[in-house]
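Protein chains in written order, with numbering that gives the first Met the number 0: chain A, 0 to 228; chain B, 0 to 228.
These are computed hints drawn from the structure, not numbers from a lab. Check before you lean on any hint, since a few could be wrong.
Any copy will do: because identical chains look the same in the list, a pair fits if it lies in one copy or spans two.
As the list claims (entries may be wrong) - Okay, derived cross-link-like pairs now, EDC-like style, lysine to aspartate or glutamate, Cα gap no bigger than 20 Å in a straight line:
| hint | residue 1 | residue 2 |
| --- | --- | --- |
| 1 | 193 | 165 |
| 2 | 44 | 217 |
| 3 | 3 | 47 |
| 4 | 3 | 140 |
| 5 | 87 | 14 |
| 6 | 105 | 206 |
Every value quoted in this text rests on a predicted model; they were computed, and no experiment measured them.
There are 2 protein chains.
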Amino acid sequence: MALKFIGQALAQQIDAELMNPAVGGFSIDQLMELAGLSVAQAIYKQYDRKTFPRVLVVAGPGNNGGDGLVAARHLVHFGYRPTIHYPKPTNKDLYKNLQTQLHNLKVPFTDNLPDALAKTDLILDAIFGFSFSGEIRPPFDSVIKTLKQSKIPIASIDIPSGWDVEKGNASDLGLNAETLISLTAPKEGAKNFKGHHWLGGRFVPPETAEKLGLNLPEFPDTDQCVKIA
Amino acid sequence: MALKFIGQALAQQIDAELMNPAVGGFSIDQLMELAGLSVAQAIYKQYDRKTFPRVLVVAGPGNNGGDGLVAARHLVHFGYRPTIHYPKPTNKDLYKNLQTQLHNLKVPFTDNLPDALAKTDLILDAIFGFSFSGEIRPPFDSVIKTLKQSKIPIASIDIPSGWDVEKGNASDLGLNAETLISLTAPKEGAKNFKGHHWLGGRFVPPETAEKLGLNLPEFPDTDQCVKIA
Chain A
0 MALKFIGQAL AQQIDAELMN PAVGGFSIDQ LMELAGLSVA QAIYKQYDRK
50 TFPRVLVVAG PGNNGGDGLV AARHLVHFGY RPTIHYPKPT NKDLYKNLQT
100 QLHNLKVPFT DNLPDALAKT DLILDAIFGF SFSGEIRPPF DSVIKTLKQS
150 KIPIASIDIP SGWDVEKGNA SDLGLNAETL ISLTAPKEGA KNFKGHHWLG
200 GRFVPPETAE KLGLNLPEFP DTDQCVKIA
Chain B
0 MALKFIGQAL AQQIDAELMN PAVGGFSIDQ LMELAGLSVA QAIYKQYDRK
50 TFPRVLVVAG PGNNGGDGLV AARHLVHFGY RPTIHYPKPT NKDLYKNLQT
100 QLHNLKVPFT DNLPDALAKT DLILDAIFGF SFSGEIRPPF DSVIKTLKQS
150 KIPIASIDIP SGWDVEKGNA SDLGLNAETL ISLTAPKEGA KNFKGHHWLG
200 GRFVPPETAE KLGLNLPEFP DTDQCVKIA
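Using the sequences and the hints, build the whole thing.
Below, the structure is given as structure tokens:
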């Protein structure tokens, strides 16, 4: 049975059910921690830390950005030197705390994207995730344009930013990600993704996966991610 | 430089600083998730899931019990079949949610400890952790007595239950753990521990570790735990 590529509505439903105290019972802190850890682990497996030590994490205003901030913290522990570009920091406790955790690890935050790109081996695109739709608003339109012009390899969380979550790379605004780390289940828009494809987020109850026909692959050993293409 | 074994006051201070929004910025959900994951990973590395599929998690009323509940959830994803004995469930949202997460994985909870022990390959002792002191109160006095009488191997989280956090196995009430998974840094009471000793909790900022002279070992790859003896 093939892995299921899910639409936006189903992705939102799974997320909402996981975090409903009467259903999944997870907190966002827990899920984001596991998601971000799985992203950092996929990076470690795909991009040798000696060849790609400097990772620029470009974080958006929502949960995808939060996943990126968590991933950055684990990347420090895994021996990388991340830098963060976070042009629209979210004014919620969780997001402020994620920044505090990074400050304590001496992870630099920068507003100067071109300057940061000149000192980067790998971009972690944590701008938009499965809930993105509509127009790309400033400043992320120009952020994505700048990232598109660089030749640095891009790893994207959940869906390459600028892609339609269901239709895929349907405009000329989408990032050309070399690696995609899908979370929970890959999205329909990633069906024709041609690069290295990982699945992270090892927390879906098997019964939920079965009910929804997700046909999730087996994760090896204690890994929080698995390569699916 | 040798790994530092820390006293109870320092363990409490590190914990409080990690969770102080103005200092470490971690939530208890995050730290417990990472701690419990590291425990499950150490179990996986020490106890083959084919030989030790049935893990009885005996959870106490505090954070050590919470770590055990998180570990149980990850153990399911790693291919084990945990059962939970949780005689004094904590009436806080986080703990209720951890139970919900386990119910969704069909993990059984049992009040009948002798019956559970008859169907168990490994005990995960998550009764008391670094903040324990004083008398062992009911029902945990008799729980520990029952566990002591069984011949099933015991893996303990942070300190074997019944041990003094600083003086070690100083009474005849302590569990004879075969494996100890210390979190953050080993406690003074574990100095003379003779079994398999793991360190979990890969989240201490290097600057904190250096300031406190913890001399933490390197964790391999993306592992959340490391064998220290």
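The hints, checked one at a time:
{"no.": "1", "hint": "193 <-> 165", "in the structure": "within (16 Å within a copy, 56 Å between copies)"}
{"no.": "2", "hint": "44 <-> 217", "in the structure": "both (17 Å within a copy, 18 Å between copies)"}
{"no.": "3", "hint": "3 <-> 47", "in the structure": "neither (30 Å within a copy, 31 Å between copies)"}
{"no.": "4", "hint": "3 <-> 140", "in the structure": "neither (30 Å within a copy, 50 Å between copies)"}
{"no.": "5", "hint": "87 <-> 14", "in the structure": "neither (23 Å within a copy, 31 Å between copies)"}
{"no.": "6", "hint": "105 <-> 206", "in the structure": "between (41 Å within a copy, 9 Å between copies)"}
Hints 3, 4 and 5 from the list above are not met by this structure, while the remaining hints are.
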